[in-house]
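Enquirer: Residue-level listing of the chains:
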Amino acid sequence: MSNYTPRSVDEIAKCVAQDIEEGMYVNLGIGQPTKVADFLPKDKDIFLHSENGVLGMGPAPEEADRDGDLINAGKQYITLLKGGSYFHHGDSFAMIRGGHIDLCVLGAFEVAKNGDIANWFLGRPKDIPAVGGAMDLAVGAKKVYVIMDHVSKNGEPKIVESLNLPITGEKCVNRIYTDLAVIDITEQGLVVREMVDGLTFDELQSKTGATLRQP
Amino acid sequence: MSNYTPRSVDEIAKCVAQDIEEGMYVNLGIGQPTKVADFLPKDKDIFLHSENGVLGMGPAPEEADRDGDLINAGKQYITLLKGGSYFHHGDSFAMIRGGHIDLCVLGAFEVAKNGDIANWFLGRPKDIPAVGGAMDLAVGAKKVYVIMDHVSKNGEPKIVESLNLPITGEKCVNRIYTDLAVIDITEQGLVVREMVDGLTFDELQSKTGATLRQP
Amino acid sequence: MLNKVTESAIDAMNHINDGATILIGGFGLAGQPAELIDALIERNAKDLTIVSNNAGNGETGLALLLKSGCVRKIICSFPRQHDSYIFDDLYRSGKIELEVVPQGTLAARMQAGGSGLGAIYTPTAYGTLLAEGKETRTIDGVNYVLEYPIKADFALIKAFQGDRWGNLTYRKAARNFGPIMAAASKHTIAQVSEVVELGALDPEHIITPGIFVHEVVCIEGDK
Amino acid sequence: MLNKVTESAIDAMNHINDGATILIGGFGLAGQPAELIDALIERNAKDLTIVSNNAGNGETGLALLLKSGCVRKIICSFPRQHDSYIFDDLYRSGKIELEVVPQGTLAARMQAGGSGLGAIYTPTAYGTLLAEGKETRTIDGVNYVLEYPIKADFALIKAFQGDRWGNLTYRKAARNFGPIMAAASKHTIAQVSEVVELGALDPEHIITPGIFVHEVVCIEGDK
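Residue numbers (my numbering), protein chains in the order written: chain A, 1 to 215; chain U, 1 to 215; chain H, 1 to 223; chain Z, 1 to 223.
Hints may contain errors.
To be verified - Calculated lysine-lysine pairs in the DSBU-like style (CA-CA distance at most 35 Å, straight line):
| # | chain 1 | residue 1 | chain 2 | residue 2 |
| --- | --- | --- | --- | --- |
| 1 | U | K142 | Z | K134 |
| 2 | U | K207 | U | K143 |
| 3 | Z | K67 | U | K171 |
Just so you know, these hints were derived from the structure itself, not from any lab.
Bound conformation, chain A alone (with noise of 0.2 Å):
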């Protein structure tokens, strides 16, 4: 086995906001994309939306500003940048199906060679499905970015052939970031844009449940 170290959640999370440009409009998924706005440039203006209707949103307040009004899409509190606005659920979501959120980043539980993720719902029995704004978010933004582990705790690829878990939207991610590489997904497939340092491409391809290209 090679020698490379796996990317931290804020390693990984930090290669995701320098592919950000300034001026673009950006929807932070709930849990490891919301990450992604600590390491977004503090001298650029990049537009950060939260689907429960606030665009410009700014870092978490000191305790003592908290607001139980002013939360996000995961319900932690937030702050609103100069600038920024309210709007309702309706207006919010015109937003992300109309197509003007350019970016979404977007936590997966797979995602296969075609685009498609599974994010929602693990399908299980007891499990109790709940789905939010994910599969708006999905169909409805210019671009999707994924961030997720390379395989799962069991060792299991996430980046799959077709998927098992129940579709959250079709052909719609357009990048992979993981703990191991980053990845498009093209036209032409899987293409491998940069990888841990220390990890061979053999490697990668061995944690990796559909066939990757070298760029």
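We have chain A; now place chains U, H and Z onto it with these hints.
Expert: Frame of chain A, contents of chains U, H and Z only:
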């Protein structure tokens, strides 16, 4: 011929105004229906809606107070009452189409005995079609009252068995106020609620293109 | 003089009867009309269908309403939260019916209801479990699901300021579903933190015009 | 630092090319972006499709644009006005194509376009000339017409205040089609009477969030 005086435009408007109750949301169509506003009781809260995004329309302003950004659907200068509000065309027509307007008063070329209304287009070769909000109002308002002359300038009945002119909306008129009578459109047909003094039922019937009933 | 301000939350529940469909505002606790829900629990109408984004938190508001046994069915986008154990138990024991609707579709269906549309084609959920059995159509190369409007008998929402004509403003992200629920129900009851004089709200800043609101209840001391 | 404020109306027209579909705000003259239209005339792009509620008044704004010969087709609800003689002449001599759409349907089709819906069923115009040849459906006993979204390459609108992120407020009934046109176009150009500092607009009072606006042009001295 019996001895009677047809109602003036103002008198018809007054009849309609008397039938409008406190708390009603009312849209008054362009032309004669607009006059109804002049006869509404000043001591009651009646909400006038204009489809260009105004609720709580007040009377015309003094000439010095005219504001090009504050007009009604007929493009006349208006004022806004305390408690009035502005909104965009999407919300304005949600109010209309969604059944939130209690009453709409429209002019008409023809009304059929089943409540079909023609009021948008004469359909002659040189005419240019222009519909505005007429079709939305006809189908959307909870009740539609029509103000029109009982017969055309050529003496033809404007209340007819079935429309001769292009239809605006199907089965939507509830009541007709003419210079001669007030007529309800009911499941049982056209029911005369009231006639001008001195007019006989038979004479009214002779000027009407469909069978009338006495209440 | 028309006055939509109702003295107490309990009075505002007078019209709510068994079997009603009720939209309840809020995203989590933000914008949830807690005091109206308390009054609804006291009203004790049975067999209710509730439409709300979530299915309650802890032992407050919407969660308590579910616990009261008044709710037959809930339509929401995200019932499962870390503190939704009341709902979870009811669901797992088959005591409540659940319809999961994607959040944007939930909003769009209520907007369709409030604006008189008969149905809409939305791209959301195409090809998923949540579109199973639903009509679909491909338009200009994109796949859509046919969704029908949600219209309700009542809406209970939380706003910030209100006046006697029912005009409302909201506070920050507590606006969420309030305006669209107000439009999608026959009878909207809004709890507000403050009732202001008619004319005190700038007509440019009113978010929900009074036409969509039937009763306004002031909850003293609420933010 | 992102700055959507463009120096002149002419500069803002740079992207507009022959064959574009352009939404133009306004109800009559209220909310009509007169200076942007003047710049569009100067741009002299040909074969345009214009969507606007009316078809111009007298010899100003939209009427002048039609007179310039740049417009192939107009989609509107109410072309015929007492002073729409420029349009009337073009139409009668077959020099412009007209699609008449009921006013509420015009708004709803643009809202569908802006919010990503594939089509909507609306009750308006059912059984009329304006629904001829269109698909219909009866839902819960009501008859509906299937209408498709209007999406455009550009929108030219008039707002009141704007900031460098493109946030907008409007003035009274001049708001009319502005917010929904901004959402329904790929590139929205807004003329404003005043550009204010970022943060000067209260986030509760912003009517069109900057996400829907791409260029802001300040017209000095305009109300």
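Enquirer: None of the hints should be skipped; say for each whether it holds.
Expert: Now the hints, each set against the structure:
no.: 1; hint: K142/U to K134/Z; verdict: holds (26 Å)
no.: 2; hint: K207/U to K143/U; verdict: holds (25 Å)
no.: 3; hint: K67/Z to K171/U; verdict: violated (41 Å)
Violation of the numbered hints given earlier is confined to hint 3; every other hint is satisfied by the structure.
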